[in-house]
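Enquirer: Sequence:
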Amino acid sequence: MNIPQLQVTTTKAQLGLTTQRPVQEIEQPGATLDIQQPQAQMTINTTKSRLSIDTTEARADMDLISSARRTAEVAQYARSEASNGIARRAQDGVELMMIENGGNPIQSFAERALRKSYSSLSIKFIPSYGSVKVSFEPGSVDIRVEPQKVINNSNANKPMHTYTPGKVTAELLQKPSIQIDWKI
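Following the numbering used here, the numbering of the sequence shown begins with 3 at its first residue and continues without gaps.
Worth flagging that the hints you see were computed from the coordinates, not collected in a lab.
List of simulated lysine-lysine pairs, DSSO-like, C-alpha gap at most 30 Å: (1) Lys50 - Lys135; (2) Lys14 - Lys169; (3) Lys14 - Lys177.
Kindly produce the complete structure, drawing on both the sequences and the hints.
Expert: Okay, structure coming up:
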């Protein structure tokens, strides 16, 4: 006996996928730098120092004096010697007037004229201590600095970004099918 049979034949569907990769490009340009530093403004004011050295007395100790001072000293010495001479002559005259009181005034005049006083043998430092006078007035320095601000005109550049998206394309390579047959 023949039993009818059902025969089913199928073919599977086949899909084909085609992909195109995405493309991304990023470029970062460097920053544009524009920085300037102006010089600081500086002013300097100085007051000169003053040194004063007076050697008048030290030079006088070494007998190096000015002509005006030398003239004044000689005039004073001449006045003093003239006064001393007048006084001595007056004293001599008084002694001669009183010759009747005894004594030998002419001999005493001669002894006084010939007698020399002894000079002292002492050490003398030339110039004497403290004869040089020194005075000093210090100077001053005033420094003023005014710093200048930085001029910054720098710019950061934005990145350049391009993006191409990818694609996926699907296609049917083989269609599905079903075949049904009866067999008896």
